[in-house]
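Number of protein chains: 2
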Amino acid sequence: MTEPVRVAVDAMGGDSGPEDIVAGALEAASPALHPIVFGPKGLDTQGLELVEASEAIAMHEKPVEAVRAKTDSSLVLACRAVGDGEADAVVSAGNTGATLAAGLFHIRRLPEVDRPAIAVVLPARDGPSVLLDSGANADARPEHLLQFAQMGAIFSHEMLEVAKPEVRLLSIGEEPEKGNQLTLDAHALLAESDLNFGGNVESRHLLSHAGDVVVCDGFTGNVCLKLLEGTIKTLLEGIREEIRSSTRGKIGGLLIRPAARHLRERLDPDTYGGAYLLGLRGLAVIAHGSSSPKAIANAIRLAARGAEHHMVDRLAERLRSTVLASARP
Amino acid sequence: MTEPVRVAVDAMGGDSGPEDIVAGALEAASPALHPIVFGPKGLDTQGLELVEASEAIAMHEKPVEAVRAKTDSSLVLACRAVGDGEADAVVSAGNTGATLAAGLFHIRRLPEVDRPAIAVVLPARDGPSVLLDSGANADARPEHLLQFAQMGAIFSHEMLEVAKPEVRLLSIGEEPEKGNQLTLDAHALLAESDLNFGGNVESRHLLSHAGDVVVCDGFTGNVCLKLLEGTIKTLLEGIREEIRSSTRGKIGGLLIRPAARHLRERLDPDTYGGAYLLGLRGLAVIAHGSSSPKAIANAIRLAARGAEHHMVDRLAERLRSTVLASARP
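Line order of the protein sequences matches chains A and B. 1 is the number of the first residue of the first sequence in our numbering; add one for each residue after it. 330 is the number of the first residue of the second sequence in our numbering; add one for each residue after it.
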């Protein structure tokens with residue numbers, strides 16, 4: 001029998017209480033998946049392994065400072081467990097910046113990776129789409145975008161089971177000559193690479209399906225992610241308000257409720273667990289916003305799948321072979 | 330009696346036929362507003378002044394090349410009329426890039442402006458919001474963002490009648506230290522300026538109201554604009570599909586139809602006419618996508634209001650005084 005995958009779960013990150021996170025960990029636990037809960041002394045983990053942590057990092061704290069100061073926090077201890085080989089992956093529902101900082105300090109970069117990136121799986125209409133970088137690197141160079149593309153393609157293949165992921169470059173026109181200096185240069189690198197590169201794509205397609213992997217710098221990716229979230233929210237609120245402003249609308253609203261619920265479920269970011277830090281010596285996952293037990297369980301399962309598929313080794317191999325290829329005379 | 334404002338209207342740009350554009354021009358015409366139609370020989374302008382043009386620039390043509398080659402096109406002739414002082418403003422329903430190129434060649438930059446910008450008025454829930462640059466400059470420097478902010482504030486004041494427009498800088502966090510190098514540097518310039526600067530704003534608020542004026546580089550602005558359009562479209566289509574997939578939903582859909590129509594009207598980009606090129610020696614307006622007669626009429630009226638309010642002079646004054654102020658020892 002193979003060893004179970006061990007996932008370090010930060011029970012003190014995020015807005016939801018440790019109990020919800022324990023509930024998610026319990027839901028994900030199986031003979032093949034062993035969650036280790038990092039939480040306060042005395043937390044009822046209902047039989048799951050507990051590592052006690054005396055501190056917690058809150059959502060509003062400054063990432064680097066908090067990670068440096070709170071060495072006994074659940075997040076830092078969980079990341080150190082991955083760095084020390086005691087766990088295969090880490091899941092936190094907390095502060096994205098702090099998880100990035102703790103990952104860089106305690107899990108550390110793969111030597112082949114210049115810049116770890118945040119990958120987010122968009123629940124696009126025609127299939128999941130991996131957007132990266134979603135915010136780790138506000139400024140990036142063309143060669144970073146090429147690495148993001150390579151990491152995204154492996155993520156899409158190993159985690160989302162897309163056979164031959166198509167990579168697109170986010171720009172302001174489909175033509176190769178449309179864009180800013182960064183995308184023009186990145187386009188040339190991507191076109192030369194052995195990736196399945198489909199060229200530029202415009203942001204208007206992000207919610208339908210802009211590609212299996214969509215690559216951009218972290219500023220643009222973060223702007224897109226927040227604009228998507230905000231626009232969906234504002235629009236659905238607008239519809240609700242309009243409907244509620246008349247009796248006729250209210251009755252109509254009751255009748256379309258199942259349809260609306262179905263659409264909301266389809267767009268639910270909890271399905272894909274959250275944001276993935278790629279480029280470290282272990283997989284780190286930040287569960288999405290609400291962090292319901294379901295979201296936590298999905299994040300833990302995806303993290304475990306990444307470990308089972310040796311995603312980190314695959315990333316390292318892929319990037320090493322590219323580095324070697326580009327170093328050839 | 331004061332002279333009427335003369336607006337040059339390109340009847341051959343865009344997807345709609347010259348007849349629709351003439352209909353829009355007729356709707357906007359008044360004793361104080363004199364549209365001049367630039368269109369093919371023999372076009373029935375129903376009494377409006379016609380300037381004959383033998384060529385047209387299509388949506389798919391390469392902007393700079395088309396403008397250079399087609400010197401007798403309706404767009405080039407209309408822009409030259411503004412450059413020569415025969416018209417006060419120009420409205421086209423066509424190719425944004427070609428209008429930008431024709432504006433730069435034939436209307437020319439204000440000497441105080443380094444980079445003209447495209448301003449788009451977003452139909453945000455809590456009031457119109459001017460987003461600029463929406464795509465003229467894919468790469469921009471911090472001092473360009475300051476000029477965009479100054480032009481946007483004057484536009485908001487003169488055209489949208491906002492008393493003291495609040496300017497926000499689009500970034501990936503509200504805190505001044507969140508962003509990329511461009512926004513960090515631009516934040517410092519904006520904070521020092523005499524503008525009513527409200528700090529950074531995140532893209533999640535663009536559809537509710539991110540500020541009277543929202544400033545960013547042209548790459549980011551264009552990505553946001555297309556993402557907004559695409560997300561609204563995909564989401565409304567998704568709702569329609571879900572509703573139509575059951576009888577119950579269909580009946581509910583009929584009942585909420587007036588509410589849905591009301592929401593669509595509220596979000597209708599035609600209300601504000603389109604994209605405005607700011608920083609030229611005359612105002613140029615690109616009417617939005619569909620270019621219904623209503624959209625054309627609104628674009629012509631807004632262009633005329635810009636001329637009546639001497640917006641170009643105000644821009645020049647404002648930027649000149651800033652240049653002088655920053656040149657002080």
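In short, the hints are calculated from the structure, not lab data. Think of the CB as a built atom: it goes at the ideal place given N, C-alpha and C, for glycine as much as any other residue. It cannot be assumed that every hint is accurate.
[Unchecked claim] Calculated from the model, a selection of chain B residues having no Cβ within reach of chain A, i.e. all distances over 10 Å: (1) E378; (2) L379; (3) P440; (4) G464; (5) D468; (6) R470; (7) T512; (8) E558; (9) I572; (10) G582; (11) R634.
[As the list claims (entries may be wrong)] Covered by chain A, per the in silico footprint, the following chain B stretches (three or more residues, Cβ under 8 Å): (12) 525-539; (13) 559-569.
> Among all the numbered hints in the text so far, which are the ones the structure does not match?
Replying inline: 4, 5, 7, 8, 9 and 10
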